[in-house]
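> Spelled out from the first residue to the last, the chains are:
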Amino acid sequence: MSRLFEIRPGGEAARECAAVAPWLADRARGRLVCSEAVGVDDHLAQCAECRDTLAALALVWRTEGGARPDVWDRVAARLASEPLPARLHFPADEWRRAALAAAILITVSWLVPGARVVTTFMLFGVG
Amino acid sequence: MASTGEATDEELFAAYRDGDQAAFEQLFRRYQGPLGRHLERMLNDRAAAEDLMVETFQRLHIHRDRFRAGAAVRPWVYTIARNLVRKRHRRTGLARWLPLDAVDAIRPAADPDPPGGEAEVRRRVATALCALPSPQREACSLRLLGELPLEEIAAVTGASLGTVKSRLFYGQRRLREALADMDPRSGGAT
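These protein sequence lines are chains A and B, in that order. Heads up, the first sequence is in my numbering, so the first residue is -15 and it goes up one at a time. Heads up, the second sequence is in my numbering, so the first residue is 103 and it goes up one at a time.
Chain B with its partners taken away, still in its complex shape (with noise of 0.2 Å):
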């Protein structure tokens, strides 16, 4: 996750082990945004999104000494979080598929934003990802919103990387059906 000339997530987190506090909240910085989008996708709730968010990082720090030399930290932490947020959608009940009135539900009661705006695409978007299926939105969701290479959605998910690679395939498609009435270019494609 680090750029050259940037300390890598493995040395960071070495580097807290050791006792360097600084090193933790800069290791978090790094994961706030492509973690808590993709928490948010699969949880579908903001708020949910930031506790799981902290619990990872808590889980993190708790079993530390765990981490193996050697290993990779990124796998390490959307694993956690993966176990978190199933564990969450057990205790909650939800089913493996979202029900689509979820998207509903975080919409403002009245909404002011008029068809076709900034809420009514952002409700949209967030309909076509919660529409498809369990597998295909969190390989979906790692890879463009977590920004994980397929190599490490491979091993959190533990699918092969032709499974992973077909996830993406069909998810992708099916995002692209969903959303193909919505301004087509207006995503900045090049």
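Next up, chain A with everything else stripped away, as it sits in the complex (with noise of 0.2 Å):
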């Protein structure tokens, strides 16, 4: 709520309009905690314009707030018949960073004379 008083003391009507407009649709779903209500309140008290902009969210709200359809069905049909992508034993990354290190050191052995027989030695454990 640190945002909230941003607005200063005596400054500017629309300055403290802006300031609490964010919080005006917590306010309409009434689930503005008590902290942050008390900034909100003081200035719905000496703005009609604010309190109008409340009162439309509170209608919007009320209108299209209610619970809407259970389609959980749907959501279970679509997963069990979705074929699972093949799980792999390390996350995406890890594999990408495999096969990184890999193209560096077959990179490295073709490039610095000597290192291909380490590098064989380390891959295939023959010298």
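Do not rely on the hints blindly, as some may be mistaken.
Stated by the list, open to error - The list that follows gives simulated cross-link-like pairs (lysine to any residue, SDA-like), each with its CA atoms no further than 25 Å apart: (1) B:K189 to A:R62; (2) B:K267 to A:R46; (3) B:K267 to A:E48; (4) B:K267 to A:R15; (5) B:K189 to A:A60; (6) B:K267 to A:V17; (7) B:K189 to B:F169; (8) B:K267 to A:L16; (9) B:K189 to A:S65; (10) B:K267 to A:V22; (11) B:K189 to A:A(-2); (12) B:K267 to A:T47; (13) B:K267 to A:D26; (14) B:K267 to A:Q30; (15) B:K267 to A:D36; (16) B:K267 to A:G49; (17) B:K267 to A:R(-1); (18) B:K267 to A:S65; (19) B:K267 to A:A29; (20) B:K267 to A:R35; (21) B:K189 to A:R52; (22) B:K189 to B:S236; (23) B:K189 to A:V22; (24) B:K267 to A:G14; (25) B:K189 to A:W56; (26) B:K267 to A:A(-2); (27) B:K267 to A:A32; (28) B:K267 to A:D10; (29) B:K267 to A:W56; (30) B:K189 to A:L63; (31) B:K267 to A:E33; (32) B:K267 to A:P53; (33) B:K189 to A:V55; (34) B:K189 to A:A61; (35) B:K267 to A:L28; (36) B:K267 to A:A21; (37) B:K267 to A:A2.
Unchecked claim - Under 8 Å between C-beta atoms, here's a sample of chain B residues computed to sit facing chain A: (38) F130; (39) R139; (40) Q160.
Keep in mind the hints are simulated off the structure, nothing from the lab. Here the structure is a predicted model, which means the values were calculated and not measured. We put the CB at the ideal spot given by N, CA and C, even for glycine.
Two chains, each in its own frame: build the complex with the hints.
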């Protein structure tokens, strides 16, 4: 709620309205916690426009905020028919790192004289 | 999204990835209301919103291994849903600004509701929301109907926090003006 305290006492009303505006939705849903509500309510007590905005949001919430039909069965059916991607033992990032390390190792083995022997030994255990 | 004492969304998703199917259902039920409302308002079509709701969770399932530990689940869910909405809009050729007659299309042909009745209020509210410029409509819908905090709206939409606040301010002001002639205190403003 520190953002709300960006409002300076005696600041321009429009700036206060802009600072309070993001919190009006929470107020309309009745979910503004007490510490936040103090700053918002102080402003609302003085500002008719913001009170009207809050009333409009409350009307929207009352109209649109109802429960929605339960469609879990559709989700479950979709998941059941979904072919699962093959689960890798390592996360994708681990595979990428391993592939990159192998590519670097092979490149170095071809570029650096003598390294080919070491690389071959590491990979295949033979000299 | 979870309150104190309940498993967080991230804990539920982690449990699902570890094989707990019930955790996924629990996660879905948390999102069904907020995400369903938001999708319905963005698409202006309840059946299409339900389809995308299902598809969002199907994608969540498919891409579950891409989820990085420590990341938040909710912005991810809403980002998937947002991409699906955009894809659908592209496919159906909808303009960035929904035409107002789309609202009339969902109105029953023979509306028995008198002027000022519940159906009329519902239609007026839907019209007011649809009339908002797309970025403002999205911000207002995510905030009020999707119940997202400001930071997550910024993350989902790719806008700065200041831009999100600005969109909310101007969007809400337009809503106030559009609904000014309706019963101003019927929404339970306290």
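> Compare the structure with each hint and give your call.
Comparing the hints with the structure gives:
no.	hint	result
1	B:K189 to A:R62	20 Å, holds
2	B:K267 to A:R46	23 Å, holds
3	B:K267 to A:E48	22 Å, holds
4	B:K267 to A:R15	19 Å, holds
5	B:K189 to A:A60	23 Å, holds
6	B:K267 to A:V17	19 Å, holds
7	B:K189 to B:F169	22 Å, holds
8	B:K267 to A:L16	17 Å, holds
9	B:K189 to A:S65	23 Å, holds
10	B:K267 to A:V22	20 Å, holds
11	B:K189 to A:A(-2)	38 Å, violated
12	B:K267 to A:T47	23 Å, holds
13	B:K267 to A:D26	20 Å, holds
14	B:K267 to A:Q30	21 Å, holds
15	B:K267 to A:D36	18 Å, holds
16	B:K267 to A:G49	22 Å, holds
17	B:K267 to A:R(-1)	12 Å, holds
18	B:K267 to A:S65	42 Å, violated
19	B:K267 to A:A29	21 Å, holds
20	B:K267 to A:R35	18 Å, holds
21	B:K189 to A:R52	23 Å, holds
22	B:K189 to B:S236	15 Å, holds
23	B:K189 to A:V22	42 Å, violated
24	B:K267 to A:G14	20 Å, holds
25	B:K189 to A:W56	23 Å, holds
26	B:K267 to A:A(-2)	14 Å, holds
27	B:K267 to A:A32	20 Å, holds
28	B:K267 to A:D10	14 Å, holds
29	B:K267 to A:W56	34 Å, violated
30	B:K189 to A:L63	21 Å, holds
31	B:K267 to A:E33	17 Å, holds
32	B:K267 to A:P53	31 Å, violated
33	B:K189 to A:V55	21 Å, holds
34	B:K189 to A:A61	23 Å, holds
35	B:K267 to A:L28	18 Å, holds
36	B:K267 to A:A21	18 Å, holds
37	B:K267 to A:A2	8 Å, holds
38	F130	6 Å, holds
39	R139	6 Å, holds
40	Q160	5 Å, holds
Violated hints, in rising order: 11, 18, 23, 29, 32; the structure is consistent with all others.
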